[in-house]
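With the sequences and hints as input, model every part of the structure.
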Amino acid sequence: MILTYDVILKIFFATIAGAAIGYNREKINRPAGIRTHALLSLGSCILTILSIYVFFDPVTKMGDPGRIAAQIVSGIGFLGAGTILKNGNKVKGLTTAATLWVAASIGMTFGAGEYFIGFSALIATLIILYVNKFSKHLTDETTIEITVKDNKTIKRILDILNNNEDLILKNVDFSQKNDGLLYFIFKGIEPKVLSKLQKQLAYLEGIENINIIDEH
Numbered sequence: 550m551i552l553t554y555d556v557i558l559k560i561f562f563a564t565i566a567g568a569a570i571g572y573n574r575e576k577i578n579r580p581a582g583i584r585t586h587a588l589l590s591l592g593s594c595i596l597t598i599l600s601i602y603v604f605f606d607p608v609t610k611m612g613d614p615g616r617i618a619a620q621i622v623s624g625i626g627f628l629g630a631g632t633i634l635k636n637g638n639k640v641k642g643l644t645t646a647a648t649l650w651v652a653a654s655i656g657m658t659f660g661a662g663e664y665f666i667g668f669s670a671l672i673a674t675l676i677i678l679y680v681n682k683f684s685k686h687l688t689d690e691t692t693i694e695i696t697v698k699d700n701k702t703i704k705r706i707l708d709i710l711n712n713n714e715d716l717i718l719k720n721v722d723f724s725q726k727n728d729g730l731l732y733f734i735f736k737g738i739e740p741k742v743l744s745k746l747q748k749q750l751a752y753l754e755g756i757e758n759i760n761i762i763d764e765h
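Here our numbering is used: the first residue of the sequence shown is 550, the next is one more, and so on.
Rather than coming from a laboratory, the hints here were simulated on the basis of the structure.
Taking lysine-lysine and the DSS-like style, the derived pairs with C-alpha atoms no more than 30 Å apart in a straight line are: (1) Lys704 - Lys745; (2) Lys748 - Lys698; (3) Lys701 - Lys745; (4) Lys748 - Lys701; (5) Lys745 - Lys698; (6) Lys704 - Lys748.
Bear in mind the structure is a predicted one, so any value in this text is a computation, not a measurement.
Take a look at the structure:
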């Protein structure tokens, strides 16, 4: 027999946990936000409850309580894959896909009545998400987007970067858009070398535009 108040409590906690994780994703405009995470956690909780009470007899100790719940783990992969986008050499959405998977896991945990594990997992997830955000503020870095007209200019830019001993780049993205221009994005440039680099690039011919992006 399913106790009404117990089910309501499980559903409530699962929904709140999913919404809390989704709030972090929605704040930074990710494809899956509060509603998606909350509904996913809620659905996982309900399926886990059904899996326990419908396919398991507590009296005879017979049944297969993992029959429905096991399908959640495999099914969530399709939803997570929809949040992953690839643009050139850059992949976005991996963290959001992971949070969807975690939200489903936490929903299953509450559905199973393991409140301590569920809240512990929720706290750990939020710490990971917000500590990562805080860590970006500990490193003073800037991104430069350079738009060039031809390949010769690219070679000149690369020569400047290679000859700059103080410059350490974490990531370099390259793309060519429909306007025929070439776009370079250099990430991880420290402010102390930014001014020097700007002056060096300003003298180069073939540069259409230089855009400074503050990552803070």
